[in-house]
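So the protein lines, in turn, are chains Y and D. Mapped onto numbering that gives the first Met the number 0, the consecutive letters of the first sequence carry residue numbers 0 to 642. Mapped onto numbering that gives the first Met the number 0, the consecutive letters of the second sequence carry residue numbers 0 to 517.
Treat the hints with care, as some may be off.
[What the hints assert, rightly or not] Calculated cross-link-like contacts (lysine-lysine; reagent style BS3-like; alpha-carbon spacing at most 27 Å):
#1 Y:LYS408 x Y:LYS255
#2 Y:LYS408 x D:LYS198
#3 Y:LYS494 x Y:LYS171
#4 D:LYS198 x Y:LYS444
#5 Y:LYS255 x Y:LYS171
#6 Y:LYS493 x Y:LYS475
Everything labelled a hint here was simulated from the structure, so no lab data went into it.
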Amino acid sequence: MRIAIDTGGTFTDCVYYAEGHLQVLKLPSTPSDPGGALRQAVQQVGNATGTNEVRHGTTVGTNALLERKGARVAFVTTAGFEDTLAIGRQARPELYNLLYQAPPPLVPAPLRFGVAERTASDGSILLQPDAAELERLRKAIAAAKPEAIAVSLLFSFANPANELAVADELVKLGLPLSISHQILPEFREYERGSTTAINAYLSPKMQGYLAGLDPGLLVMQSSGGIVEAPIAAREPVRTILSGPAGGVVGALAIAKRAGYDRVLTFDMGGTSTDVALLDTARGLTTTTESLVMNMPVAVPMLNIYTVGAGGGSLADFDRGGAMRVGPESAGADPGPICYGRGTKPTVTDANLLLGRLDASGLLGGGLALDRQRTHLFTEEAKGSLPTVEAFAEGVVQVVNAHMEQALRKISIEQGFDPREFVLLSFGGAGPLHACALARALNIPKVLVPTLPGALSAYGILVSDTVRDYSRTVMSKADDSALPQHFSSLIREAKKDFSGGEIQCSADMRYRGQGYELTVAWGHNAVEQFHLEHERRYGYADRTRIVDVVNIRVRLTRRSELLEQPPRPKEEAGNGAQAMTALRSVYEEGQWRQATVYQRDLLRTGDAFPGPAVIDEYSATTFLPSRCSLSVDPWMNLEIDVNE
Amino acid sequence: MSSPIELAIFKSAFHSIAEEMGAALRRTAFSPNIKERRDYSSAIFDAAGQVIAMGDDMPVHLGSMPMSVRAALNRLTLVPDDVAMLNDPYEGGTHLPDITLVMPVFAGSSSALFFVANRAHHADIGGMYPGSMGLCREIFQEGIRIPPVKLVSNGVMNDDIVRLLLSNVRTSAEREGDLTAQLGACRIGEERVRSLVNKYGRERVSANATALLDHSEQLLRAEIAEWPAGNVTAEDFLDNDGLSEEPIRIAVTLAVDPIARTLRVDFTGSALQIATGLNAVSAITYSALFYVLRCLLPREAAPTAGLMRPVELILPERSIVNAAAPAAVAGGNVETSQRIVDTLLLAFSQLLPDRIPAASSGTMSNLTIGGIDARSGQPFAYYETIAGGMGARPDADGIDGIHTHMTNSLNTPVEALEYAYPFRVRRYSYRRGSGGAGRQRGGDGLVREIELLCPAQVTLLSDRRIRPPYGLAGGLPGACGRNLLNGEAVPGKCNLQVEAGATIRIETPGGGGWGHEQ
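Model the full assembly from the supplied sequences, consistent with the hints where possible.
Here it is, written out as C-alpha cells:
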C-alpha cells in the first residue's frame with residue numbers, strides 16, 4: 000500500500016488506491032509547520048490502510064528560494080573568480096529598461112571566498128592548494144559564520160582532486176557541504192556554481208524538514224522521478240519543481256490510460272500558466288537549461304515552460320490603442336472585480352461576463368461572484384469597444400494568443416506537430432480556454448482529466464524512482480574512450496543507487512557549436528544526432544565532426560503498476576441527469592443558449608454537443624459550439640474540437 | 000480594418016516568429032559571437048521593407064536592419080526561395096563582420112508580401128587583423144565587402160559566391176557553419192510567416208502589419224506630448240582615433256514640439272569622419288536614436304518602423320555619425336554607437352531629469368586575439384566584449400559589471416574559453432571602487448585577465464580610457480578603463496604582437512554617479 004502527498008500553498012492533497020478506486024483526501028496545508036499536514040494525512044490514511052510507502056511532493060525548497068529565506072551560504076571558488084556567481088553572464092534581462100533593478104546575488108561579496116589553486120581543462124593540476132592556504136580558508140569561512148558551504152572550483156569536473164582537498168578541510172566546520180563535482184560534474188562555471196550554491200542555500204532547511212519525517216519517505220524531484228529522503232536532503236536543488244513535476248507525470252499517466260501517447264499539457268492558474276510537451280516514446284524529457292528566479296539550475300528538470308498570464312491577469316489598453324492582457328496580475332489582493340474588491344478587469348472577470356463561469360460561485364459555491372459589479376467596472380474599462388461583451392471576448396482572445404505562443408514554443412519550435420497531440424488541460428482556468436486553444440493550433444482533441452485538483456499527487460503516486468548522473472567529457476563522438484567513460488559513470492552510479500534500468504544518453508553538438516542536443520546513446524547515436532538536428536533546426540551536416548560534451552546515465556526503478564481496471568463502458572447517455580440549468584454564453588460575437596452540467600453527476604458514456612458549461616468543485620470547462628464531449632471510462636472529459 | 004484585439008494578437012504572433020528565428024540561429028551557430036554572445040538580430044518586414052517585428056536581441060541592429068532590406072531590394076529582384084546576402088556598410092550594412100541575409104515571403108502571391116532577415120556578427124571576415132575588429136585606415140583593409148548578392152537563387156545555393164567569401168576569411172569552416180545557421184533561421188521565419196498568411200489570409204495579415212506600424216507611431220507621439228517644449232543640446236567625446244590625442248566630438252540638439260508631437264534630432268556640430276575605423280554609418284546613428292526612444296516607451300511597445308515617423312533626424316554629411324565610403328567603420332558599431340547613446344541621454348536628462356541614468360561604461364572594451372593554436376595547428380580568432388559599470392539611476396545605484404545600451408552580449412564561460420582557445424584566464428572579477436560616487440553610486444566595472452599560451456596577435460578597441468563616463472545631478476564620473484600587457488599600460492586602441500606566456504588585463508570603466516553624495 001502506498002500513498003502520495005503533495006503539499007501546496009493552500010491544500011495538501013493525498014491520494015491512494017483503496018478497494019480498486021483512487022481515493023483523494025484534501026487537508027489544509029500548515030505553512031508554519033510544513034510537515035504537520037503530511038503527518039496528519041499519513042496518520043489518517045495509514046490507520047485505515049496499513050500504509051508502507053509514503054511519497055511526497057514538497058514546496059519547502061521552492062518557497063525558500065522564491066521567498067529568499069534560505070541559508071547563509073559561503074561560496075568557495077578558484078581565487079580571482081569569486082564574483083562569478085554575481086556577474087553571471089554579464090547581460091541584462093530587460094533590454095530597454097533603464098531603471099531595471101537586479102535582485103541581490105544569492106551569496107553577497109563578503110561570503111564569497113577564493114582559494115589559490117588551479118586545474119586545467121585537460122584535468123592536469125596546475126596549482127595544488129597547500130595546507131596553509133586551506134587553513135587560512137577554513138578560518139576565514141568560520142569567522143563569517145555561514146550556515147552552509149558551496150564549493151565550486153574551475154574544472155573540478157575534469158579532476159576533482161583540488162575540490163576534494165578543499166572539502167576535506169572544510170568538513171571540519173561541521174556544516175552542510177555542497178561540492179560542485181558531486182552535484183553537477185559539468186562544464187560552464189557559472190551554471191555549475193549557481194546550481195551548487197542553490198543546493199547549499201536550500202540544504203539546512205530541507206535537511207531539517209526531512210529529519211522531522213519518516214526516513215523511509217520518498218521525495219519527488221523536478222526531473223519527474225522520486226528519490227529516497229536522504230538523497231533529497233543532500234541534493235535539495237533537485238526538488239525545486241517537485242509539485243509541477245508531479246502534475247506533468249500525472250497528466251502523462253492519465254493520457255496514456257485514456258489511449259494517448261503524445262500530450263501537450265496546459266495548466267492555467269491565477270497568475271501564470273505552465274505548458275509541457277510529453278511524448279511517451281521519448282519518456283519524460285528533461286532540460287538542464289532551466290532558470291529559476293533568473294538563476295541557472297542545471298540539474299535535469301522536466302521541460303515546463305511558464306508564461307506570466309493566467310486568470311488573474313489584468314486587461315487594459317496601451318497608449319497606442321492595443322489591448323494588453325498581463326503580465327500585471329490582480330493577485331490575491333485585490334483580486335478580480337467579481338471577487339468583490341478589485342476594480343480592474345481580469346481574465347476571470349471576462350469569463351464571468353461571457354457566461355462561462357457560474358456567478359453562483361467557484362469552489363462549490365464557496366466563493367460567490369458578483370456579476371453586476373463586474374459589469375459596472377468593465378463598462379468603464381472597455382475603451383473604444385462597443386460593448387462589455389466585445390471587450391470580454393477580446394480579453395479571452397488576447398490571453399489565448401499568449402497561451403498559443405507558449406504552446407507553439409514547446410511544439411512547433413521544437414519540430415513537433417501539435418496536430419499529433421492531445422491537449423490535456425487542468426488548473427482552475429485551463430479547461431475554460433482549452434477548446435479555443437486547440438482550435439487555434441489545429442489540435443483535434445482536448446482531454447480534461449478527472450481529479451484535476453489532485454493531478455500532482457496522482458503523478459507522484461505513479462512515478463518511478465529515478466537518479467540522474469552526468470559528466471563532461473568533451474570528446475569526439477567516435478572517441479574509443481567513450482564506452483569506458485560510460486561504464487565508469489555507471490559503476491559510480493551503482494555505488495550510489497542499486498538496481499534499476501540503465502539509460503545512457505549524450506549531449507552532442509557539431510564541433511564549434513555552443514548548444515547541445517541530448518540523444519540516446521547507442522551504436523547509431525551520431526546518426527540520431529544528425530536526425531534530431533534536422534528535425535529541430537531544419538538541416539544536418541554529416542561532413543562535420545560531432546562532439547560529445549556531456550554523458551548522462553539515468554537509473555530508473557519502475558514502480559509497481561497501480562492500474563485500476565477500466566470501468567465497463569456504460570450505456571450511451573446524453574448527460575440529462577447532470578443538467579442543472581440553461582445559461583446564456585457569449586461566443587463569436589453573439590449570445591447563445593448553453594446547457595450547464597454538473598460534472599460529478601455525469602456518467603461514463605454520456606455525450607453531448609456544445610455550447611455547454613461543465614462545472615465541478617475546482618474548475619469549469621467551457622465547451623464551445625461545434626465541439627462535442629463524451630465521458631470516457633475513467634470519467635475524463637474527452638472533447639472533439641471540430642472546426 | 001484592425002481592432003485593439005487583433006493588434007495584440009498579431010503583435011504577439013510576429014514577435015514570436017522573430018524570437019524563434021533568433022533562437023534557431025543561436026543554437027546552431029559556430030561563432031562564439033553568435034552562439035555565446037548573441038550578437039545577432041532577426042526581424043520581419045512588410046512589403047515596403049518597413050520593420051514590423053524584431054526579436055529582443057541586439058539594440059545596435061534595431062534601426063539598421065530596414066536599410067539592409069531596402070538595399071537588397073534596390074539591387075536585386077528577389078523571387079521565391081531566393082536569399083540575399085550583404086555586409087557592405089555603405090549598402091545596407093553596419094560593419095563588415097555583420098552579415099545580413101534577407102528572404103522574401105511570397106505565400107503564393109505574385110509579389111513579396113513580407114521579408115524576413117537576420118544579421119549575425121561573424122568571428123572573422125578577413126582583412127588586416129584576425130577577428131576583423133582592428134583599427135584600419137580604409138574599409139578595404141577591414142575585410143571582404145559584400146554588396147547585396149543572391150546567396151541562394153531559386154532554392155539553389157550559389158556556390159561560387161560561397162567559395163569567394165570563404166577564400167577571404169580566416170576560419171572558413173566556422174563561417175560556412177554560421178551561414179548555414181543563418182539560412183536555417185531565415186527558412187524557419189519564412190515558413191512561419193507563410194503559415195500565418197495561410198491561416199488568416201493575406202489581407203488580414205497585411206492590414207494588421209500596417210496597424211502595428213501606426214500603433215508604434217501613436218505610442219511615441221503620446222510620449223512626446225508629455226515632454227516639455229524646447230531645444231536642448233549636449234556633447235560628449237570619444238577619447239581619440241587611436242593615432243592622435245585629439246578627442247572626437249559628438250554633438251546633438253533635440254527640438255521637442257509636444258503640441259505637434261514631433262521630435263527633431265540634429266547632430267550638426269559633430270566631428271568630421273576620421274582616419275580610423277571609429278566612423279559610424281548613418282544606420283548606426285539611427286539605431287542609437289531608435290534605442291533611446293524605445294527605452295522611453297512602455298515595455299510592451301513593439302520596435303517597428305512606425306516608431307520613427309514622428310522623428311526628424313539630421314546628420315551632417317561625411318561626419319563621425321554619418322560616414323561616407325571608403326571610410327573604415329569597424330568600431331563605429333561597437334564604440335561610437337555607445338557614445339552617441341551617451342550624448343543623446345545627456346540631452347534627454349535635461350528634459351526628463353527623473354528618468355535618465357548617468358553615463359554607463361560607454362565602451363564595449365573589444366578584445367580580439369588571433370593566431371595559430373599550437374594544440375591543433377589550426378588558426379583561431381577569438382573576439383569578446385567586456386561589460387562595465389552601469390550608470391547610477393535617479394532612484395537606484397548602477398549595476399556592477401553588466402552590458403548596457405547598444406549591446407547585451409553574454410560573456411564566454413571561462414571553462415568554454417579554455418577548451419576552445421589556447422588561453423588561461425587568470426581573473427574575472429568586479430573592479431571594486433570604479434563606480435562614480437553620488438547619492439546613487441555608479442556600477443563597478445570588470446577585470447578580465449588572460450594569459451596566452453602561444454604567440455598571438457591582440458587587438459584592443461576600447462574607449463573611456465581617457466575621458467570618463469559622466470555623472471549626473473552632482474554625481475561623480477566613473478573611473479576610466481585601463482588596458483595592461485604584462486602589467487604595463489597600453490593604449491585603448493592598439494594592435495600588439497605578443498609572445499606565449501604574455502598576460503593581457505582589461506579593466507573596464509565604472510558607471511557615473513547620480514546626485515550629490517550625502
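Hint by hint, here is what the structure shows:
| no. | hint | in the structure |
| --- | --- | --- |
| 1 | Y:LYS408 x Y:LYS255 | holds (23 Å) |
| 2 | Y:LYS408 x D:LYS198 | holds (18 Å) |
| 3 | Y:LYS494 x Y:LYS171 | holds (25 Å) |
| 4 | D:LYS198 x Y:LYS444 | holds (20 Å) |
| 5 | Y:LYS255 x Y:LYS171 | violated (51 Å) |
| 6 | Y:LYS493 x Y:LYS475 | holds (26 Å) |
Violated hint for the displayed structure: number 5, the only one.
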